[in-house]
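Which chain is which? The protein sequence lines are F and V, in order.
Take any residue in the first sequence, note its place counting from 1, add 6, and you have its number in the numbering used here.
Take any residue in the second sequence, note its place counting from 1, add 2, and you have its number in the numbering used here.
Heads up, a few of these hints could be off.
To be verified - SDA-like, lysine to any residue: derived pairs with alpha carbons at most 25 Å apart:
1. LYS30(V) x ARG306(F)
2. LYS98(V) x ARG306(F)
3. LYS98(V) x LEU310(F)
Said to hold, decoys possible - Here's a subset of chain V near chain F, in silico, CB distances under 8 Å, partners left out:
4. ASP69
5. THR72
6. THR92
7. ARG96
8. PHE103
9. ASN107
10. LEU115
11. GLU116
12. PRO121
The hints are simulated quantities; they were obtained by calculation from the structure and are not laboratory data.
We treat Cβ as the ideally placed atom computed from N, Cα and C, and that holds for glycine.
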Amino acid sequence: MRLVALLTWPYLRRHKLRSALTIAGIIIGVALFVAMHTANRTVMAAFQTTVDRIAGKTELQISAGETGFPEDILEKVQSHPYVRAAAPVIEAVVATGIPGQGNLLVLGVDMTGDQSLRDYDLEGGDEDVVEDPLVFLAQPDSIIVSRVFAGRNRLETGSRLPLETMDGARRFTVRGIMRAGGMVSAYGGNLAVMDVYAAQMVFGRGRMFDRIDLALQEGVGIEEGRKSLERLLGPGYQIETPESRGKHFESISTALSFSINITSVFALLIGIFIIYNSFSTAVTQRRGEIGVLRALGATRGQVLGLFLAESAAAGLIGSVLGVVCGRLMARGMTLFMSGLVEVSYGANQRPDELAAEPWLMALAVGLGVVASVLGGLLPARAAARVDPVRALQKGRTQVMTAGENRLRRRLAAAILAAALGLLVFGRGNAPFYVSYILLVVALVLFTPALALRLARMLRPAWKRLRPVEGVLAADSLIQAPRRTSATVAALMLSLAMAVGFAGIASASRGSMNAWMRGTMNFDLILTTSETLSSQSYRFPPEVAGEVASIEGVAEIQPVRFGRIMLRGRPTMMVAVDVESVARRITFQVVEGDVSRMTRLAREGRGAIVSDTLALIEGLKLGDILEIETPSGPLRIPVVGTTVDYTDQRGTILIDRELYRRWWKDDSLNIVRVYLNPGADRNAARERIQERIGARHRLFVLTGAEMRAYVERVADQWLGMTYMQLAVAVLVAILGIINSLTVSILDRRRELGVLQAVGATRAQIRHTIWMEALSIGVIGLILGLAMGTVLLYYDFYLLRLNIVGLRLDYEFPVGFSLSLIPVILGAAFVAALWPAESAVRASLVEALEYE
Amino acid sequence: MSSWELEQKALAPIIRLRGVEKSFDDRKRVTALLGVDLEIGGGEMVAIIGPSGSGKSTLLNLIGGLDRPTAGEIHVDSRPLASLTDDELTGLRRDKIGFIFQFFNLLPSLTSLENVSLPLHLRGWPRKRIRDRAHELLELVGLGHRLDHLPDELSGGERQRVAIARALSVYPPILLADEPTGNLDTETGAEILRLMIDLERRLGTTILVVTHDSSVAESCGRTIVLRDGRIVEDRRR
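All chains, please: the whole structure from these sequences, using the hints.
Put into structure tokens, the structure is as follows:
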């Protein structure tokens, strides 16, 4: 450590920019890791916090997926001897219509029983209102709001508050204001309470409740109470503690966590390469210093220790700064993810403060330091191997010997063979993952040899372009392949990963478009909210009949969807009139016969599952699905598998009649509308708005608008790809600056001699620029080639049971072509500063070694 | 050291080379040294001269344990270098040999005091002792007033004095100097030479100087002339 203090600090002071670049590598990696995970944890925690704060003294919650259950269940529960208090709940997120206020979480509760579960801490003078719940009940337009929300909107008792209801916009009267703190801080304070029976009407629930919150008698254990209620209600209900609801949310958002983990690993991997590159540069720059140290009696171990300690210190500083930057970035990313989670999963959460989990920060710092030490390991070993005699001879460099190259190539070939062997002969997931990693390692090991070959191929072209500068630029790469191989490898890896993400994005978009063309062929669609995943409002069943009777409407398809529990996991179920749907849409069948599957589904004797669900759950034709319903377990065979992107974790399609029978629920989420041939779409839309929009909350979209909405949601997911591209460009710039700095240092004498014999500054500049462009070209060629191979693995990976997405191989040609100007532009920008430093270096000093 | 002690020390050769050869295989094989036999007694001050490419620096690197011979034996302080591991060789270099280079090879980011302290830090000495020793050495070479100067702030002669102080950090019995005056003007070169002679006399250090400078050679008690990798002359004064 003393050597670090004595030698490293002055070196860092003298090379501020380079030190900053090294640390920047770690900052980027750690910041991305912290930002993405903090945002994810924040959104997850916000959901759980909302659940917890609203739960109050609730010990158990009874629900039936997202579908709700009939009112009579409440009586059964209330009369159970173990239950001290049970209260029905309806939960909905409502647009306030007040600019800048966003949504309001409305809790529909039964005031007569609910006060033993939740503490409505009302401000002075208001107690009378709710202390007599009957007063509250007698006035169905009553609402209680939080102090935070009231304060923001200058509301007082008696104020009128407009809210969107199923019957259109209605004005509610504020009958009470809840004091800040406790339950009131749920959903960022945007919380309101109303009577549960009013909420049934307002949100189109019919005679159903979303859930029952309950407290047990004293002395009854939670597990004991849960089991007893389970026996009472049968398997169609989930009886859980409020805490376990967060777990379901985590399980439906697996795709988000998967993307985040992949991006984090990618960022850290790139960080390792940047460190490797920076330390390789430092070793080259400090060759003389190392030589002196060795001559003065420093052992190889001491030199190795010095560089490893430096990389650990850089890792620590970069990681701490990375955590700080990551926290700053997390704010923006949380908003992005919160929006994504809302539109994708319909989860009620409103993050108000960032999750600050010490273990996450400690993990980020730990990973940053480990990544930094890993990145610094090979350069440190190279430093320990510096030959003091050569290092002390001015102008001589130590290049990698042919022997080392041969060894590396042989090792790479052996690893590649192992990777391919595992791919061809391996069974199951583990050999596939190992094969993936081995392939990446083999390609990275091959990089110096491939880069050298490509540099040789570039030489004649460069020579034709610029006889002197071109040749010098190519020769610089040919003579010292080690100098650039780290940069090329980092560039190759980051481009390959970016190509991988873009390939998946483009294929999934293609596949989704094909699915949309086949299924979203309706003329109009009626929804209850802007985000299709929201379960806050539902149409009453009569809406379907009303729409069908409107002039110009040829056919309607009412749809009820919601997550039910399948094998302990929330799974999306879609209930439709299969006969009508089968006539109108084209199923993309993966397994099964289309006419047989639709016939059986129509008769209520089978379920059609999406390919994604089949892959995730390993379902095959004929497998029996056991679905928990309010009427008991429904056992139904899988009669077909089709492509369906309604939900990320897959869907189960059944006939609506079957759903009505088992769930005793005839409410609707959406209504698909087909018009008569030649009917005016806009006129029909207006008629629907007039007839139904006057009484019900309603959004009417055309097929094209609906498809555009789905594409917008998909695009938000693709935002991750752009982050990969940004990292790839940063890697290109940092890596190329490093490589050029070393190259100029190594060739100081050569460049000095060139200037001494008459080369102009412009010519020297061109040499450096061309060297940078060469690195860019080689990185691009290898990156695109590696991307072509890795993409195959990526598609296979998606098919496994984590994501369950079956896509055909598709190379992202457009994206890859767009990389060419981006990376070459980045290479040129990276060359500007090193080129200037080369032309401004002292000629006398450069020639001193002659 | 008394003259009797110096005489006793001189009896046993501190450096001994038998049939030493060194060739390099960069692109084509180049022989730098061929059949070199040499014995240097303790406390001797020896000049090694010869034209460029005659093998002078190679000889110094081999004696200093920076490089290994292709053939032959080298004993330093009675230890055969061939049998030493890399770390043992480093240890020998650290405790027995000091190096002085033509281009000083000071670390530009360290002050005079820090440059001189460096070898002592490598030995893990306590800080206080390092500071005292570095002060003492810089006083010895006449730079007590330049402790906190960076190499850039020193003249050529002063830089070489710092390099000498650094080489003497543990008062090694052997000092190897590669063209120590080659980068200095005549007057400064003479000053450095006087300092080295003084050290030889006061500390009994064995000094080997590779030089092109005839005045340096004349000041040494023994001159070895190398040509084409062989010793062609070994004269004592």
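### Query
For this structure, which hints from the list above don't hold up?
1, 5, 10
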